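Trainee: The chain contents come next:
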Amino acid sequence: MTQPPDYDLRRSRRRRERQQFFSYSSLFAIGLIIGIVGSIWLAWRVFPLTELVGSPAVFQQTYRDEYLYMVSEALAQTGDWEAAQARLDLLEDDNLPQTVVQELERYLREGRSAEDVRHMARLAQGLGAEGAALDLFAPTPGAGSAPESGTPTPTLIVVVGQAAESHQQLPTATPTLLPTPTPIPEIAVEAEPTATPLSAGAQLPFELLAQEEVCVGGGSPSQIEVFVQDGAGEGVAGEEILVSWEGGTDRFVTGLKREVDAGYADFTLSAGISYSAELVAGSPRVSGLTIGVCEDGSAAGWRLVFGQN
Amino acid sequence: MQRNLIVLGFGLLVGAAIGFYLGWFVLPAELVDVSPADLETEFQADYLRLIASTYAADQDLNAAAARIGSLGRQDWPQWLREETVNQVIGDPTGAETAHMVGLARAMGIESPAFDQAIPPTPAAEPEVSP
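Those sequence lines, one after another, are chains A and B.
Residues 1 to 309 in my numbering are what the first sequence lists, from first letter to last.
Residues 1001 to 1130 in my numbering are what the second sequence lists, from first letter to last.
For reference, chain A alone in the conformation it holds in the complex (with noise of 0.2 Å):
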């Protein structure tokens, strides 16, 4: 049986049509992709709608505690109120009394300076907050619910043959004395802010001596365990372990577990979580501290040694 003389041709220019087809969706799909992923890049870029402000606002929560600490740390030093109001502010923060409070209450749990705990519920008590923590270390009520000033208003009492005046002194200012000079830190600048350790390669007080995993047998949960130690190699109690992750924080404190050294300390891993740990007095920060799985199929943890410089 023959074909028509012009089937051939019919079926050739189909299979032309086709193809032909099949390029131009090719080449319309390749011209989308690119259009969309350039102007996504140029929208969030190069043109944005709204303008992108690096302030205390976006500030990640290991920076927000930071600020919160310096702020509270100013408020004592000058006792400028309308100072420590504005920098709060910029926070951004809808319930900033009660992140205060909270901040204290982490304070007092995690055993911080005295000195620390009453500046910070010095500008919880200036921002009305309220709270069980607060009653213990606020100042005490009666010079109003502003801040006390660094500069005490006390009542003078001067007396005139027999008789007493009461004046309210003005504020004064005390003087404040500079501080001595001392060998001067390096100063290492964050080249990649995400990346790089806070402070890598400045004089720290505490190096990382050792980082290995360590595998955990029998149901146990995988640790960070951290050892702390002096400069003689002796075991460092009371020093503070800051661990950090997507989204959190949290310390703990060497000296707790004395049956296994005074320097050491531990903190439990979850899983699918990677963390980072640095000392809180001045260390290199370790990251990527995940779970991880031992030969035996049994999960891991990990050893950090820090030793004093």
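Among the chain A residues that face chain B by a calculated CB cut under 8 Å, a handful are:
id	residue
1	F28
2	G31
3	L32
4	G35
5	I36
6	V53
7	S55
8	Q60
9	M70
10	Q77
Because the hints were derived from the structure by calculation, they are not lab data.
Remember, predicted model here, so these are calculated numbers, not experimental data.
For glycine and all other residues, C-beta sits at the position ideal for the given N, C-alpha and C.
Once you've looked at the hints, dock chain B against the given chain A.
Mentor: Relative to the frame of chain A, chain B by itself:
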């Protein structure tokens, strides 16, 4: 060939329209989880004053150095000097001025202007007549 270019260009146009719509209205860019290095200049200057006041309180020069480092400024010595001088000029008697001068000097930075910073002095004792 020309028809190919027209199709490609049409794809680009449609893609750009979709991309801008997504980038501006559906998933607009926003800053999150920034560090002090990402702060605007004015906020960095205020952060520096906070560092100085905190240093005045805790006298922890290592912590102050780490905080300055977190600002990510390669020119930090020059910047610290300039900001301190500006602070002295703007408010020579302020407590924060004294803190800034204290921090700068602790970092080994000097300027003749620093001597013009007048630490806040207590008011004179009231005279008491017998």
